[in-house]
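*Asks:* Per the working numbering, the very first residue in the sequence shown carries number 391; after that it's consecutive.
Among the hints, a few may not be true.
In silico lysine to aspartate or glutamate, EDC-like type, Cα no more than 20 Å apart, as pairs [to be verified]:
no., residue 1, residue 2
1, 476, 522
2, 436, 453
3, 521, 453
4, 426, 439
5, 521, 568
6, 436, 489
7, 476, 439
8, 521, 565
9, 521, 534
10, 521, 536
11, 476, 453
12, 476, 434
13, 521, 462
14, 476, 534
15, 436, 425
16, 436, 522
Per label pair, the in silico range of CB-to-CB distance [as the list claims (entries may be wrong)]:
no., residue 1, residue 2, range
17, 504, 458, 39 to 45 Å
18, 548, 525, 38 to 44 Å
19, 479, 610, 50 to 56 Å
20, 504, 416, 36 to 42 Å
The hints are simulated quantities; they were obtained by calculation from the structure and are not laboratory data.
C-beta: ideal position from N, C-alpha, C; glycine also.
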Amino acid sequence: AQESRGLGDVYKRQNRNLLVGQLKQIILVNVPSSEKRIFHISTEMKNTERLSAYFHESVTAADLTLIHRSPETSAWLRQVRSDGMKLLTAPEEMRHNREVVLAAISQCVRVLEFVPMELRADAAVALEAVKEALTRKQQHYRTDFELFRWVLQHVAPSLHNGTYFILNALEAINDRQDPRVDMVMSFAADDLCAHCTFIDAALSYTPRAVLHASDELRCDQEFLLTAIARNFEVLDHVPWGSKEFRRRAW
Numbered sequence: 391a392q393e394s395r396g397l398g399d400v401y402k403r404q405n406r407n408l409l410v411g412q413l414k415q416i417i418l419v420n421v422p423s424s425e426k427r428i429f430h431i432s433t434e435m436k437n438t439e440r441l442s443a444y445f446h447e448s449v450t451a452a453d454l455t456l457i458h459r460s461p462e463t464s465a466w467l468r469q470v471r472s473d474g475m476k477l478l479t480a481p482e483e484m485r486h487n488r489e490v491v492l493a494a495i496s497q498c499v500r501v502l503e504f505v506p507m508e509l510r511a512d513a514a515v516a517l518e519a520v521k522e523a524l525t526r527k528q529q530h531y532r533t534d535f536e537l538f539r540w541v542l543q544h545v546a547p548s549l550h551n552g553t554y555f556i557l558n559a560l561e562a563i564n565d566r567q568d569p570r571v572d573m574v575m576s577f578a579a580d581d582l583c584a585h586c587t588f589i590d591a592a593l594s595y596t597p598r599a600v601l602h603a604s605d606e607l608r609c610d611q612e613f614l615l616t617a618i619a620r621n622f623e624v625l626d627h628v629p630w631g632s633k634e635f636r637r638r639a640w
C-alpha cells in the first residue's frame, strides 16, 4: 500500500536549487528516502533534478505530493534494478506493480514476456520496452532489429490499434531513415491505417508511412496531395496515377 499526502507549499524561491533527493532527506526524516516518491501534478520528480526545473522564476510557492512507497516495494525495486529477471520470483502483488515492472524492463527488456497482460497493455510500460530495445544491446538476439520486432510482438495487441503507442514508438526511433519505422507501421492495425488523421500524424515521423495507409487512402488523390504539400518527400512513395495528378503534385 502507498500513502499519499500533500506537502503544502514546500517549494519556496530560496529552495529552488535543492535537488529532489535532498528534499526527500529533509521531509519525514524517519522514513527512508527510497520509500519516498515526490510528484508535481502527475509527473514523478527524479532525485537528480532540481526543484527549479519544474517551476518558472516567477513562482514563489507550489504544492507537491509525496507518496510513501511500501518497504516491500522498495526492496523489490532494488532487486529488479540489479537483475530484471528477478521479477519472475517476485510475489504476485509485485509482478502487478507498475513501478516494479518498469524498473525490471529498464534493466532487462526480455522480462516483458512474463509481465501480466494488463501491464503489457499499459502504453508507458510498452514504450519503456521499446526504448530499451532501441538503446540497449541484449544477448540471445542476432540483431537489434530482431529484438525490436520481439518487443512489438509481446506488447498487448490492443496497443497496435492505438494512436498514442504507435506514434510514440515512431518518435522514440527519431530517425526517419531507420527501417524500424516501417516495422512499427507494419504492426499498426488495419483500422488505424485507414484513418487519414493517423497516417497524417505518422507522416511527420517518416514519409514512408504513406506506404502503410489503407488502399482507399492511397487512392485518395486529395489526401495524397495534402500529404505531399506538407512533406514533399511523400512524393517518392506514392503511385503516380494520372497525368492530372502528377501536374497537381508538382
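*Asks:* Decide, hint by hint, whether the structure agrees.
*Replies:* For each hint, the structure was consulted:
no.: 1; hint: 476 x 522; result: holds, 18 Å
no.: 2; hint: 436 x 453; result: holds, 16 Å
no.: 3; hint: 521 x 453; result: violated, 31 Å
no.: 4; hint: 426 x 439; result: holds, 15 Å
no.: 5; hint: 521 x 568; result: holds, 14 Å
no.: 6; hint: 436 x 489; result: holds, 14 Å
no.: 7; hint: 476 x 439; result: violated, 29 Å
no.: 8; hint: 521 x 565; result: holds, 13 Å
no.: 9; hint: 521 x 534; result: holds, 12 Å
no.: 10; hint: 521 x 536; result: holds, 14 Å
no.: 11; hint: 476 x 453; result: violated, 36 Å
no.: 12; hint: 476 x 434; result: violated, 24 Å
no.: 13; hint: 521 x 462; result: violated, 27 Å
no.: 14; hint: 476 x 534; result: violated, 24 Å
no.: 15; hint: 436 x 425; result: holds, 13 Å
no.: 16; hint: 436 x 522; result: holds, 19 Å
no.: 17; hint: 504 x 458: 39 to 45 Å; result: violated, 28 Å
no.: 18; hint: 548 x 525: 38 to 44 Å; result: violated, 25 Å
no.: 19; hint: 479 x 610: 50 to 56 Å; result: holds, 53 Å
no.: 20; hint: 504 x 416: 36 to 42 Å; result: holds, 39 Å
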